[in-house]
Amino acid sequence: MTGEVLLQIKDLHVEGRAGDAWLPILRGIDLTLHRGEVLGVIGESGAGKSTLGLAAMGFARDGCRISGGDIRFDGIDLRQTPERGKRALRGRRIAYVAQSAAASFNPAHKLIDQYSEVPLLTGMARRTAQAEAVALYRKMQLPNPEEIGFRYPHQVSGGQLQRAMTAMAMACHPDLIIFDEPTTALDVTTQIEVLAAIRDIVRDYDTAAIYITHDLAVVAQMADRIKILLRGQEVEEADTRTMLAAPKADYTKSLWAVRSFARPERPAPKEAPLLSVQGVTAGYGKIDILKDVSFDIPAGRTVAVVGESGSGKSTVARVITGLLPPRGGQVLLDGVPLPQDYRARPRALLRQCQMIYQMADTALNPKLRLRDLIGRPAQMYLGLSGRALDARVRDLLALIELEPDSYIDRLPSELSGGQKQRIGIARALAAEPRLIICDEVTSALDQIVQEGILRLLDKLQRELGLAYMFITHDLATVRAIADDVVVMQHGKVVEAGPKAEIFAPPHAPYTELLLSSVPEMNPDWLTGVLQRRQ
Amino acid sequence: MGVMIFLACAIVASIPLSWGARRVMAAVLPRNMARVARDMPLTAAFGIMVIAVYLFVALFAPLLAPFPERAVVGSQFQPWDSTHWLGTDRLGRDMLSRLIYGARNTVGIAFATTALAFLVGSVLGIWAALRGGWLDQVLSRFVDALMAIPALIFSLLLLTIFGTSVLTLILVIAAVDATRVFRIARSVAQGVVVMDYIEAARLRGEGTAYLIGREILPNALAPLVAEFGLRFCFVFLTISSLSFLGLGIQPPTADWGSMVRDNATLITFGDVTPLLPAGAIALLTVAVNFVVDWQLYRASGLKEQAG
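Residue numbers (the numbering used here), protein chains in the order written: chain S, 1 to 534; chain E, 1001 to 1307.
No lab work stands behind these hints: they were computed from the structure.
Accuracy of the hints is not assured; some may be wrong.
A partial selection of chain E residues facing chain S, derived with a Cβ cut-off under 7 Å [to be verified]:
| # | residue |
| --- | --- |
| 1 | F1056 |
| 2 | D1196 |
| 3 | L1203 |
| 4 | R1204 |
| 5 | G1205 |
| 6 | L1211 |
| 7 | E1215 |
| 8 | P1218 |
| 9 | N1219 |
Here a beta-carbon is modelled for each residue, glycine too, at the ideal position from N, C-alpha and C.
Just chain S, with the same shape it has in the complex (with noise of 0.2 Å):
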């Protein structure tokens, strides 16, 4: 890439204001772009990755400012430039695609018609920009692209979703494109599609684009070049396939070590199963969202449910927990069914399975400090109080690996996300069950942190003899952490049995295409899947 230079930032710095003061976010940063080139930017979550590609834009978010440095656009200093003009360059000139596109739609019009907006403003025909969208809508693959743009945004899936938005970014053929996290929320086989769009139309419209993203397998597909930032510094910057091969930086080091974490294979148990469901279906309404589903879960070890979002395997914990009494078939505790509805189960019963939740913020009452949030299930199901309570709660803590002195009185806002899931985890423990079930654990997590939540639960499990019920689509946390693996899509079980086999071929049809979807470190790979499955 020796085009000219497109986009150059130098010495860079941003602020956030806490309370009455400024604290750095972004500390000299330098970056330079030129046409066509596609720069990945990785970081952990509070790297600053997306407070950079704002600054791009010449943008600071609310509470926030660019104190120092400079920007320039096409030779324009963003940071002299009056908000009219830059405004003027936003959404013509540079683009930005968001993470969740779901939130960054507006429900109440039309695909097509959010679509418009901007070339309507530079002055084109409505027709003419109908039909420019139509024809990028198939470029990016869409299905139905006549017709698409005439829905509203709850009417398409996420993964079409997130290429509508990047088509919407390309209308007006902008120089710029920045790209935030845009498939971080899709399942991997949806992932793979609007990679494979995205690339493409950055390629064929010769936009440069910044790719901010966590996972390194994407990135490696996406970018000419990478730099990696921590806690707004940057760590280093190579192209590609050096950074990749020879990583200079201890931090980026490792990052790439992340995935290797793998637990040793263990012998198939011979007792009968902790937990068995037996033939459930169950569903909302009228419909059934499982179909005859049947799996094992013995004592002491994971079984890992796998399958894209609407496979059903979130409703499958919810049959477990009695939240959705199934409408055929049984779920038996140590051979024993267990009553359908949670209500009608003993505490005793409710004590033997416990869940940890995605999303620990939203799993946490954030008015409660740690030592209620830990300590009630152990007061309600142990009978502890007073100083034996306190010691519990302290045990647990130590048990996460968090000082108890200094976190036990905490609320859960001052925690960091990889410790709230800490505390979900202490505090399915302080029930002292024999399943936890964990639904997507991970998958809001970073990488580094979402190895330390799986090194956790794989120490608790050989200190406790837990048996965990893994739900997640992500296969690298799978390979990591499962002894059994249950595939699952449409509500039924594809595949069943001990990971080994399951990710040794010869596969079912759907495992392959999960399998094949998972991004690999390789450059080469997305273009590889692409031309197999051609």
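Following the hints, position chain E against chain S.
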């Protein structure tokens, strides 16, 4: 003109007073509360100060008032002088004393009423949101039916049926106001009950009381507190309107609302005395809302930090 100058002076004087009140609170309160007090805005300090003064006056009314509440101690409509600082009313009762006792009656009754309305309204509202189904339908439709009747007419009806003691007054206004609180509590709680932590608590086998009191109420508090400030002021007005119609606080009990009406004739002679009880209501209203605003700001500020 004189009134304007007086108001301006009062506002200017309240600034150092509020500042002093904040310093005193920061010094007197235990450590973690003192930190909160130090950081609060002057308006909130002013509000707390005014509320504290009202509470003090209401509690120690018999000691502070120079004359008894109901005794006729002079001739009618005496002007302000050294014995009767604020003059006398149309029956010759001491105005200042009645104003002081009025704090006790009006504020006490309004507070009791609002508190009761919130207790009943928010517990039922949250319960309805939590249970859903037929219970929610029955309660909500019942509340809708009650709200369909104009509040004042409905109160008049109930007071006519049950008589006009202070207790029935409190119960009736609380019942009418509880319907409004119910609707707010229910809609706020509906946003909270879908959270995973409520599901977790249900699966743990928690009872309804724990769910309402510990899991939902703390998270629904901010809008309810804001509503409390408003309702508190509305209840004043309701009591005053009812007094005006003869069904509120019964004479000879001193009440700010009826005091305005009783002495309204004086206004035509350019005397501000009848407006003093109205001013007392206005000042308390402002003070309560200052404190409520501050609490709301604090609640939302914490949310920003979490996000």
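Discussion item. Given a cut of 7 Å on the nearest C-beta pair, is the interface hint for D1196(E) held or broken against chain S?
Written reply: 4 Å, holds
Practice prompt. Return the status of the interface hint for P1218(E): holds when the least beta-carbon distance to chain S is below 7 Å, violated otherwise.
Written response: 4 Å, holds
Worksheet entry | Interface hint compliance - R1204(E) to chain S, C-beta minimum distance less than 7 Å | 6 Å, holds
Fill in: Restraint check, 7 Å cut-off on beta carbons, for L1203(E) near chain S
Holds, about 6 Å.
Worksheet entry | Agreement of hint E1215(E) with chain S interface, Cβ distance less than 7 Å | 6 Å, holds
Practice prompt. Could you check if L1211(E) really has its C-beta closer than 7 Å to a C-beta on chain S?
Written response: Check failed: Cβ of L1211(E) comes no nearer than 11 Å to chain S, outside 7 Å.
Worksheet entry | Closest C-beta approach of G1205(E) to chain S relative to 7 Å, hint status | With a closest approach of 5 Å, the G1205(E) hint holds.
Fill in: chain S contact restraint on N1219(E) - CB to CB distance below 7 Å
6 Å, holds
Discussion item. Does F1056(E) hold up as a contact with chain S if the rule is Cβ-Cβ below 7 Å?
Written reply: 32 Å, violated
Checked against the numbered hints given earlier, the structure breaks hints 1 and 6 and satisfies all the rest.
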